[in-house]
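Asks: If you read the sequences in order, they're chains A and B.
The opening position of the first sequence corresponds to residue 32 in the working numbering, with each subsequent residue numbered one higher.
The opening position of the second sequence corresponds to residue 38 in the working numbering, with each subsequent residue numbered one higher.
Take these hints with a grain of salt, some might be off.
[Unchecked claim] Restricting the straight-line Cα-Cα distance to at most 30 Å, the calculated cross-link-like pairs of lysine-lysine (DSSO-like) are:
1. A:K265 - B:K173
2. A:K52 - A:K39
3. A:K207 - A:K133
4. B:K248 - A:K76
5. A:K96 - A:K76
6. B:K139 - B:K181
It is worth saying that the hints were derived from the structure and are not from the lab.
As the structure is a computational prediction, the values presented were derived from the model and not from experiment.
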Amino acid sequence: MGGYGDVKLLREDGLRLDGRKVDEMREVEIEAGILPAADGSAWVKHGLNVAVCAVYGPMEAHPRKIQRQDRAVIDVRYNMAPFSTSDRIRPGFNRRSREISKVTAEALESVVLVERYPRSKIRVEIEILAAEAGTRCVGITAAAVALADAGIPMRDLIVGVASGKIEDTVVLDLDKAEDNYGQADLPMGILPTTGEIAFLQMDGDLSVEEYNTCMDYNLKAAREIHVLMVDALKRRYAEKNGGEA
Amino acid sequence: MSGAKEGAELRLVTPGEAIGASTGVRAGTGTLIMGDNIIATRVGWIRENNGVTSVDPIHAAYMPRSGDLVIGVVESVRNNLWFADVNGPFNGLLPMSLAPWKVEFGAARQQMDIGDVMLARVQEVDEAHNIVLTMKGVGLRRLKEGIMSEISMNHISRLRGDGDSTLRTLKEVSDCRVIVAENGRVWVDGDADGITFMRAVLDLVRNEGHKATFNASLEALIDNRRNA
């Protein structure tokens, strides 16, 4: 199989259409604490993806029926702005955003020490301002930084990364064309310190070897992004502390 | 906490970061033992005290403890109790029996309605985080005048200073009544001039409370006011 119809995703020289190597990530930039009204916030630019995340809480969970007596609930709202893609997106919740909100909440619940705040709610708002494939991963990364910024206790900073397959070649961090016309996509939420996986989805088919390669790529990328996340958090407070970190 | 400024030995950590080996030390607040390591669970500064390693978080929500003086805002009223927002994850409950007034059943609103501000003390917090407030005690009352403002939990000690010295100076200089509650809320009452000065002080705490230059900036503000 060679991609989708006559769409070529790999160049003659073995590089991808945007000039990246197969195991090369798009450029990532992270800022923490950008929204003054939120308890914690983050801005993440991953390639052409831009996500902003705001965290509020922990607060009393309303309505009461969503309360859990032994832990906090994480209420994630993932939303793509109408202008985030070339086709306008109808504003509001849809099936896709509902699914991503749910899986993101489950991924975050495994890292946040939710048992510290019984009966309460932590509100996580992820807004995708620009989309170029892999927005759920960018959303997870932004949420992790925003939660840390809000002072919510966590076991680790979860990182969202994806690998996939194009033209029978495993590649790291799919861009839009590779996502649309590629053969498989494997987004993951990784805890970089321990290498644990808190979130995994797979779209398409991968052999065991291919899966293992994807996994290696994702782990490597997660550790790279983790360094940037830590740097963003420390930079924010170093600035506040007169330069000393 | 405000321990941030003085020393090079302070280390800033982020969640998941290994602080050190877990042998021979106890894990304090903001930390977790994972395998052979103590890891941080919050962004903050490491503090080691009597064999206990903990992380002083830079930003944290208010967690009520019994005995805390808090400023609450009434969120809902029932026939014989009030629910107050105490700036924490759970609302506080003030039953009629712990209020300073004798009110008939169903007339709770006449004493305190939604949006009213109260100075109360946390009577008890149970394991399910139910908070009971009390207004029986010296000085506990409904706050009818003045302004209420919020500062970050970790800036409270900066505003108070050692043994409340900074707070005493501010009260004297501003000629205002100032209450700094444990839940990060500050109440100020006095003449317009004094309140304006205190607003400037609170803005300084919010924006520069973390900086090593905070004390110098505050002193400049105080000197300015004294010389005015």
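Asks: Could you run down the list of hints and mark each one as holding or not?
Replies: Status of each hint after checking the structure:
{"no.": "1", "hint": "A:K265 - B:K173", "verdict": "44 Å, violated"}
{"no.": "2", "hint": "A:K52 - A:K39", "verdict": "15 Å, holds"}
{"no.": "3", "hint": "A:K207 - A:K133", "verdict": "23 Å, holds"}
{"no.": "4", "hint": "B:K248 - A:K76", "verdict": "28 Å, holds"}
{"no.": "5", "hint": "A:K96 - A:K76", "verdict": "36 Å, violated"}
{"no.": "6", "hint": "B:K139 - B:K181", "verdict": "19 Å, holds"}
In the structure shown, a violation is registered for the earlier hints numbered 1 and 5, in ascending order.
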